[in-house]
Amino acid sequence: MSETPLLRIEDLSVGFQVAGGAIIPAVKNLNLDLMPGETLAIVGESGSGKSTTAHAIINLLPGTGRITGGRIMLDGQDLAQASEAELEKIRGTAIGFVPQDPMSNLNPVWSVGFQVEETVRANGLASTKQDVRKKAIEVLAQAGLTDAGSRMKQYPHQFSGGMRQRVLIGIGLAANPRILIADEPTSALDVTVQRAILDHLQERTREQGTAVILITHDLGLAAERAEQLVVMYRGQVVESGPSLEILKNPQHPYTKRLVQAAPGLSSRRLVSARTSVSATGKAAIAQADASTGTATAIAVNNLTKVYNIRSGTFTSTPLTAVDNVSFSIERGSTTALVGESGSGKSTVARMLLGLEKPTAGSILIDGEEVDHLGKAGMKALRRRMQPVFQDPYGSLNPLRSITATIAEPLLVHGVGNRAERQARVFELLDQVSLPRSIAGRYPSELSGGQRQRVAIARALALKPDIVILDEAVSALDVLVQAQILELLNDLQSEYGLTYLFITHDLAVVRLIADHVCVMNQGKIVEAATTQEVFDRPREDYTRKLLDAIPGATVKFGA
Amino acid sequence: MANKRKSANHYVAPFDEKSVDVIDAVRVDDKVSNLWLDAWRDMRRRPMFYISGVLILLVTLVALFPTLFTQVPPDLDCQLSNSNGPPAPGHILGYTKQGCDIFSRIVHGTSTSLSVGVIVVVMTTILGIFFGAIAGFYGRWVDAVLSRVGDIFFSIPYILAAVVVMSVFSAYRNVFIISLAIGIFAWPSTARVLRAEILRVKNSDFVMAATAIGVSRFRILMRHVMPNSLAPVIVVTTMSLAAAIVAEATLSFLGVGLPTTFMSWGNDISQAQSDLRTAPQALIYPSIALSITVLAFIMMGEVIRDALDPKERATR
Amino acid sequence: MLGYTIRRVLQAVPVFFGTTLLIYFMVFAMPGDPIVALFGDRGVNEAVAEQLRARYHLDQPFFIQYFIYIGGVFQGDFGTSFSGQPVSEILASTFPVTIRLALLALLIEMVIGIGVGLIAGLRKGKIFDATALVVSLIFISLPIFVIAFVAQFTIALKLGWARATVSGGAPWEELILPAVVLATISVAYIIRLTRASVIETSQTDFVRTAYSKGLSRPRVVRVHILRNSLIPVVTFLAVDFGVLLVGATVTEGIFNVPGVGRTLYQAIIRGEGPTVVSFVTVMVLIYLVVNLIVDLLYAALDPRIRYGK
Numbered sequence: 031m032s033e034t035p036l037l038r039i040e041d042l043s044v045g046f047q048v049a050g051g052a053i054i055p056a057v058k059n060l061n062l063d064l065m066p067g068e069t070l071a072i073v074g075e076s077g078s079g080k081s082t083t084a085h086a087i088i089n090l091l092p093g094t095g096r097i098t099g100g101r102i103m104l105d106g107q108d109l110a111q112a113s114e115a116e117l118e119k120i121r122g123t124a125i126g127f128v129p130q131d132p133m134s135n136l137n138p139v140w141s142v143g144f145q146v147e148e149t150v151r152a153n154g155l156a157s158t159k160q161d162v163r164k165k166a167i168e169v170l171a172q173a174g175l176t177d178a179g180s181r182m183k184q185y186p187h188q189f190s191g192g193m194r195q196r197v198l199i200g201i202g203l204a205a206n207p208r209i210l211i212a213d214e215p216t217s218a219l220d221v222t223v224q225r226a227i228l229d230h231l232q233e234r235t236r237e238q239g240t241a242v243i244l245i246t247h248d249l250g251l252a253a254e255r256a257e258q259l260v261v262m263y264r265g266q267v268v269e270s271g272p273s274l275e276i277l278k279n280p281q282h283p284y285t286k287r288l289v290q291a292a293p294g295l296s297s298r299r300l301v302s303a304r305t306s307v308s309a310t311g312k313a314a315i316a317q318a319d320a321s322t323g324t325a326t327a328i329a330v331n332n333l334t335k336v337y338n339i340r341s342g343t344f345t346s347t348p349l350t351a352v353d354n355v356s357f358s359i360e361r362g363s364t365t366a367l368v369g370e371s372g373s374g375k376s377t378v379a380r381m382l383l384g385l386e387k388p389t390a391g392s393i394l395i396d397g398e399e400v401d402h403l404g405k406a407g408m409k410a411l412r413r414r415m416q417p418v419f420q421d422p423y424g425s426l427n428p429l430r431s432i433t434a435t436i437a438e439p440l441l442v443h444g445v446g447n448r449a450e451r452q453a454r455v456f457e458l459l460d461q462v463s464l465p466r467s468i469a470g471r472y473p474s475e476l477s478g479g480q481r482q483r484v485a486i487a488r489a490l491a492l493k494p495d496i497v498i499l500d501e502a503v504s505a506l507d508v509l510v511q512a513q514i515l516e517l518l519n520d521l522q523s524e525y526g527l528t529y530l531f532i533t534h535d536l537a538v539v540r541l542i543a544d545h546v547c548v549m550n551q552g553k554i555v556e557a558a559t560t561q562e563v564f565d566r567p568r569e570d571y572t573r574k575l576l577d578a579i580p581g582a583t584v585k586f587g588a
Numbered sequence: 152m153a154n155k156r157k158s159a160n161h162y163v164a165p166f167d168e169k170s171v172d173v174i175d176a177v178r179v180d181d182k183v184s185n186l187w188l189d190a191w192r193d194m195r196r197r198p199m200f201y202i203s204g205v206l207i208l209l210v211t212l213v214a215l216f217p218t219l220f221t222q223v224p225p226d227l228d229c230q231l232s233n234s235n236g237p238p239a240p241g242h243i244l245g246y247t248k249q250g251c252d253i254f255s256r257i258v259h260g261t262s263t264s265l266s267v268g269v270i271v272v273v274m275t276t277i278l279g280i281f282f283g284a285i286a287g288f289y290g291r292w293v294d295a296v297l298s299r300v301g302d303i304f305f306s307i308p309y310i311l312a313a314v315v316v317m318s319v320f321s322a323y324r325n326v327f328i329i330s331l332a333i334g335i336f337a338w339p340s341t342a343r344v345l346r347a348e349i350l351r352v353k354n355s356d357f358v359m360a361a362t363a364i365g366v367s368r369f370r371i372l373m374r375h376v377m378p379n380s381l382a383p384v385i386v387v388t389t390m391s392l393a394a395a396i397v398a399e400a401t402l403s404f405l406g407v408g409l410p411t412t413f414m415s416w417g418n419d420i421s422q423a424q425s426d427l428r429t430a431p432q433a434l435i436y437p438s439i440a441l442s443i444t445v446l447a448f449i450m451m452g453e454v455i456r457d458a459l460d461p462k463e464r465a466t467r
Numbered sequence: 609m610l611g612y613t614i615r616r617v618l619q620a621v622p623v624f625f626g627t628t629l630l631i632y633f634m635v636f637a638m639p640g641d642p643i644v645a646l647f648g649d650r651g652v653n654e655a656v657a658e659q660l661r662a663r664y665h666l667d668q669p670f671f672i673q674y675f676i677y678i679g680g681v682f683q684g685d686f687g688t689s690f691s692g693q694p695v696s697e698i699l700a701s702t703f704p705v706t707i708r709l710a711l712l713a714l715l716i717e718m719v720i721g722i723g724v725g726l727i728a729g730l731r732k733g734k735i736f737d738a739t740a741l742v743v744s745l746i747f748i749s750l751p752i753f754v755i756a757f758v759a760q761f762t763i764a765l766k767l768g769w770a771r772a773t774v775s776g777g778a779p780w781e782e783l784i785l786p787a788v789v790l791a792t793i794s795v796a797y798i799i800r801l802t803r804a805s806v807i808e809t810s811q812t813d814f815v816r817t818a819y820s821k822g823l824s825r826p827r828v829v830r831v832h833i834l835r836n837s838l839i840p841v842v843t844f845l846a847v848d849f850g851v852l853l854v855g856a857t858v859t860e861g862i863f864n865v866p867g868v869g870r871t872l873y874q875a876i877i878r879g880e881g882p883t884v885v886s887f888v889t890v891m892v893l894i895y896l897v898v899n900l901i902v903d904l905l906y907a908a909l910d911p912r913i914r915y916g917k
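Protein chains in written order, with my numbering: chain F, 31 to 588; chain P, 152 to 467; chain V, 609 to 917.
Same shape as in the complex, but just chain F (with noise of 0.2 Å):
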C-alpha cells in the first residue's frame, strides 16, 4: 500500500511498576499501521496487553503503568514523547476514545448534558452559552437519543445501559476526531443491544471517515467488524494482517487455536450423551429412569415468580419475573435456557434450587413435587441436584482451601470419613483435571478456569443427577470456555447427568445444548431442539437473538 498510515506505532512497550521498584511487562516491542478511515481491531483474551495498547495511545495508563520504550507516531509528532498539555489538545480533538463500561465511565454525580458539554467546551466546539448547550442537544440527537433537549437534565443512572454507551460514543465522536479508540465498547452489554450499538459506531465513523482501533476479546465480533486484525497474546502481536485472511489461513499456533475456539463462527453440538453416552453413562440413566417411574428429570409447570419493587415511599409496584413458564428436561440430556438480562431466566434457576419460593406453578424433580418436600425431603434433593455459578470468583469461599470447598457437601450430607472424603476429593480433581496439589491451596491463588472446575468438582462430589449450570462459562475466556465446555461434556457422557444451562450466550448453547428454550420478559417464547432454533427459528425475537451473535455473518472456509 502506497497511502502513508495516520498512526504508526513502532517497537511500543508498556510496562507496571510494582512495589520494590521492578517493572512487570504488559505490552512488548508492538508495531502497528492505523491507515486513514480504516477499522483496526484489537484481539487478544484477558491479559493480552489489547487495552494496556490502547490506553498507552492517549496516555491514560492506570496506576503505574508506564511506555518504557517505541514510538506513537501521529501527523509527525511522537505521543510517547509528548506533555501532558501537547496530549490535552490531541485528547477528544484528534483522538477520540469509548470505554468499556457504561456504568462506571460516566460521573454520577453530573447529568448528562453537563457531561457532554464540559466535551464541547474542551474542544472547542463552541464558545457561548448558547451555542454550547445546542452543540450538545446535537452531540446527544446523533446518538440517537430521542427528545435530546429534555434528557440533558438527566443523570446517568436514569438512562439504560444501552443509553450510556450511545451517549460516550456520542462524546467520544463529538469533536469529529480522526481517530477513535473503542475498548470493549459492547461487552457489558445484553447481544441485542450489543448489535444495535455496534451498528451505530459503525455507522457514524463510516459518516465521518474515523478511523477506529477496536479493542475486543471476540474474534467473531472482530471479523465483522474490522477490515485488519490484530492479534495479541501474553503481551506480544502474534499475527496481524486483513482480517478476512487471518480467520481463512491462520498461520500461528495461538491465532488457530483461537479460531476454532470462537463460538461464534465454529460448529456443531460437541457430542450429546443421550446420543452417544458412554457405557457407565447408559447405565446410569436406566437405573434412574427405573427408580423414579419417568424419563423426565426436570418438569416445570406454569411457573411464576413476582416481586414487589418499591416504587415511592410507601408504595410497591408487583414485577412479574417468571411469567408462567413450562418445560421439561429428559434425563441425560441439556437443556439451555437463553436471555438477556432480566428475561428471568435465573430467577428460574434459583427456584430450581430452591432458593427462592415461586409464586405460582409447580416443579418437579423426578416426578416429584418441589413444594411437597420437607426440609428432610429438601436436603436429600440438593444432594441430587447440584449448582454450578457464573463468578468463577465468587463463588468459592476465599477463606476456605480447594479441599475444604470440595468436600463441603459431602461433610454437610454426613458422607464418608475425614479420610474417604480426602480421597473423594483426590479423586473429583482427577475427574476435572486439576493436579492434587492444589488441594491445600486457596482460590485467589488460582485462575478463573481453575475455579471453575473447583465449582464442578465442588457439584459432582455427591455424584448428582442433576447439574444446574447458571452462566457457568459466561465470565471466562474463549480457549478456556471451550475447555470447560468439553469438561462438562465429557462428565455428562460418563454419568448420564442432566444438565440445565443457563446462558445469555447463545453461540455457546450450540455447543453443548439438546434443546434451548429462549426466555424474554419472563416468558418462553420458544423452546425447540437446537437444530430447529438454529436452522429454523419461529419467533422474531430467537432470529433478532441469532442474528446478534457477534460474527454469524462472516463466511469462510474453516
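Hints are computed from structural coordinates only; laboratory data are not their basis. Treat the numbers as computed from the prediction; the structure is a model and nothing was measured. Just so it is clear, CB atoms sit at the ideal spot from N, CA and C, and this is done for glycine as well. Among the hints, erroneous ones may be present.
[As the list claims (entries may be wrong)] Calculated Cβ distances over 12 Å to all of chain F for the following chain P residues:
id	residue
1	M199
2	I207
3	F220
4	V293
5	I303
6	L331
7	R428
8	G452
[Stated by the list, open to error] Using C-beta positions, here's what the derived DEER-type ranges look like:
id	chain 1	residue 1	chain 2	residue 2	range
9	F	Q111	V	R827	17 to 25 Å
10	F	I339	V	L711	40 to 48 Å
11	F	D41	V	R615	54 to 62 Å
12	V	L711	F	N206	49 to 57 Å
13	V	L893	P	A347	22 to 30 Å
14	V	I784	F	F144	33 to 41 Å
15	F	I339	V	T613	16 to 24 Å
[To be verified] Listed next, the in silico DSSO-like pairs over lysine-lysine satisfying Cα-Cα at most 30 Å (straight line):
id	chain 1	residue 1	chain 2	residue 2
16	F	K409	P	K353
17	P	K248	V	K766
18	F	K553	F	K387
19	F	K58	P	K182
20	F	K183	F	K164
21	P	K353	F	K387
22	V	K732	F	K58
23	F	K493	P	K353
24	F	K165	F	K119
25	F	K387	F	K493
26	V	K732	F	K119
27	V	K734	F	K119
28	F	K574	F	K278
Model the placement of chains P and V on the given structure of chain F, informed by the hints.
Then chains P and V, alone, in the frame of chain F:
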C-alpha cells in the same frame, strides 16, 4: 521456526510449537496464600507494625508488672514539701502538686487505662458482633428493629452518654462501671460495620452455592459469612480500644470518671491543670503517656486495615 | 427528593423518642431516689430536691413522667438548671456563642482538611503525602484536652499570641484559638478521608474518560475528582458532629468560652446532675437535627439518592 509472510501485510510472529502454553496451566506460587496469610506477610514488611507492636507490648508489660519499672510507690510517701518539684535523683520526671512522683504515677496509671480499653472493647465486640451479625444475616424485621435500636444508641455521642451514666452512678465509680458507661453506647459502631460487611458477603455467590448444596443457615453464617466479614471488625476493634482509653481519660478529666483515689492519667491531668503556668510537667508527662498509648493502638489499626484491604494494598 | 426527605424525617422520629426515652430511663428508672443520686456526693439540697421531684412528676409512673417531660420539650421547656434558672433561658444566652465557635471550627476543618487531603491524595507517595499522614496520625492520637492545654500553654501563655481565656462577649478574634483546637481532632480524620477518597476517585473509569475527552487536569481534579470525593467527607461530618459537641464541652471549659459547652462542663465539674441531664438531652437533639440536615445535604450532593430508586 516457521516464520511465513502470506502477503505484504500479513504478519506472523516467529514461533516454535512450544511457544504457546497449555491452556490455563496450573501455576502456583511456592507459598500458600489467602487473605489472612497475605495480610500477615504484608504487615511484617511495614516498619509501623514493629513500632506500634513494640509500644503495645511495652504498655502491656507496664500495666501488668508496674513494679518492674519503678520502685517508688505512686500515692504513699508523697510529701507536700516536694509539691510541683523539679526532677530529682530517682524521680526523673519531678513531682505532682501533692508531691508524688510523676513517673511512678504514670507507670501505675497504665493498668487503669488499659483495663478500661480492654473491657470496653470486649463488651463492644461481643455486643457489636451479636447484634451486627443477627441484623445483617437474618435481615427483614429483625434487622429493622435492631438497626433502629442501634441508631438510638448511636445518636447519643458516647462520651456525653457516659457523662450522664457516671453522674447517675456517682456513688459507684470504678473501672468496671466506667467501662460499662462507655461500652454500652459504643457498640453500635462495631455492629454497623459488621452488618454492612455481612450484607455484602451474604450476597456472594459462594453463599448461594453453599445454600444450594444444602449447608444449614447457621453453618453458612459461621463458616462462610462471618470469616469473610471479620476483617473490618478487627480494625474497628483496635481503633475503639484507643478511643476507649481517650474516653476514660476525658471522663476522669471532667471529674466524672474514676475517683481521685484511683491512679489514672486523666485524673492526674485534671488535677494538674490549675498549675499549668507554674508546673506544666505534671500535666505534660501523663498527657504524653496517654497520647503514645493511643497512638500505638491507632497505628496498629492502620497497619491492619492497610494489610486486610487488598484495594488499599494495591494503591499504596 | 421529596420522597427521600419524608422517609428520612420519618426515620428520625423513632430515634428522637428512643434517645430521649433512653436518657430519661438512665436517669429516672434507676433503683433508689434519682434526685438523691443526681446530687451525688454534694449532699442533697432539700428545697431544690422538692422542686425537682414536683417538676419531674416522680410520683407518677415512669412513662407518664416521660410523656409530661416530652410534652414540655415540644413547648421549648428543657427543664431547670441546678440554680433554678430555666435551661431554655441559659440556652438563649449561650447558644449563639457555641454556634459561632462551631462554625469557625467547621470552616477550619473543611478548608485545611479537604485542602491538605486533596493535595496528599493527588501526590500519593510523595513527601507531602507522607508528612500529612504522619502528622494527622499524631493529631488523631492526642485527646482534645491535651491539645487544648498544650495550645493554651504555648500559644497563649508562653508566646502571648492569644488570650488564654476568652472574655465575656466572646469576640471572633478570641474564638480563633479555641476553634483551632476544636478543629484539630476532626481535621486529621478529614485529611485522611479526603486523601483516601481522592485516590479512589482518581482511579475510577469516569475520571479516565474525562481525561480522554481532552479536559485539562485542573478541571478534572476540580469537577470530577474533588466533587465526588466530597460525598464521603460530608457523611463523615455528620457522624463527627458528636465529637465536635464533646470537644466543644472540653474546649469551652478550658478556654472559658461562655457557650453551651462551658455550661455543661461546669455543671459536670460541679456535679450538678439535673443540669447535666438537661444539657446532654439538648445536645443530643441538636446532634439529631444536624444529622438530618447533613443527610438531606448528602442527597443534594448525590443525584442517585435525590432521585431515589
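Against the structure, the hints come out as follows:
No beta-carbon of chain F is positioned within 12 Å of the beta-carbon of P:M199; the least distance is around 15 Å. Chain F leaves P:I207 outside its interface by the beta-carbon criterion, the shortest separation being 26 Å against a cut-off of 12 Å. Against the 12 Å criterion, P:F220 stays outside the reach of chain F, whose nearest CB is about 39 Å from its own CB. Under the 12 Å C-beta cut-off, the non-interface status given to P:V293 relative to chain F holds; the minimum distance is some 19 Å.
With a cut of 12 Å on Cβ distances, P:I303 stays outside the contact zone with chain F, its closest approach being about 22 Å. Listed as outside the interface, P:L331 is consistent with that label: its C-beta sits roughly 34 Å from the nearest C-beta of chain F, beyond the 12 Å cut-off. Every beta carbon of chain F lies more than 12 Å from that of P:R428, the smallest distance being close to 51 Å; the non-interface claim holds. No beta-carbon of chain F comes within 12 Å of the beta-carbon of P:G452; the shortest separation is about 21 Å.
Checking the proposed 17 to 25 Å range against F:Q111 and V:R827 shows it holds: the Cβ atoms sit about 24 Å from each other. Distance hint check: the CB atoms of F:I339 and V:L711 are about 43 Å apart, consistent with the given range 40 to 48 Å. Under the hint 54 to 62 Å, the C-beta atoms of F:D41 and V:R615, about 59 Å apart, fit the expected range. Checking the proposed 49 to 57 Å range against V:L711 and F:N206 shows it holds: the Cβ atoms sit about 50 Å from each other.
The supplied range of 22 to 30 Å is met by V:L893 and P:A347, whose beta-carbon atoms lie about 27 Å from each other. A C-beta distance of roughly 38 Å is found between V:I784 and F:F144, which places it inside the suggested range of 33 to 41 Å. Here the CB-CB span from F:I339 to V:T613 is close to 21 Å, well matched to the stated 16 to 24 Å. Among the hinted pairs, F:K409 with P:K353 is consistent with the structure: their alpha-carbon atoms are about 21 Å apart, no more than 30 Å.
The suggested pairing of P:K248 with V:K766 holds, with an alpha-carbon distance near 21 Å, which does not exceed 30 Å. The suggested pairing of F:K553 with F:K387 holds, with an alpha-carbon distance near 18 Å, which does not exceed 30 Å. The hinted pair formed by F:K58 and P:K182 meets the criterion: a straight-line CA distance of about 29 Å does not exceed 30 Å. Restraint check: the Cα-Cα separation between F:K183 and F:K164 comes to about 14 Å, which is no more than 30 Å; the hinted pair holds.
For the suggested pair P:K353 and F:K387, the alpha carbons sit about 18 Å apart, so the restraint of at most 30 Å is met. With a C-alpha separation of about 28 Å, the suggested pair V:K732 and F:K58 falls inside the 30 Å cut-off, and the hint holds. A threshold of 30 Å between alpha carbons decides the hint, and for F:K493 with P:K353 the separation of about 27 Å falls inside it, so the pair holds. Note on F:K165 and F:K119: the hinted pairing holds, with a Cα-Cα distance of about 19 Å set against a maximum of 30 Å.
With a CA separation close to 25 Å, the supplied pair F:K387 and F:K493 stays within the 30 Å bound. A threshold of 30 Å between alpha carbons decides the hint, and for V:K732 with F:K119 the separation of about 26 Å falls inside it, so the pair holds. For the given pair, V:K734 sits about 28 Å from F:K119 by alpha-carbon distance, which is consistent with the 30 Å threshold. This hinted pair checks out: F:K574 and F:K278 have alpha carbons roughly 26 Å apart, not beyond 30 Å.
Comparing the model with each numbered hint stated earlier shows that all of them hold.
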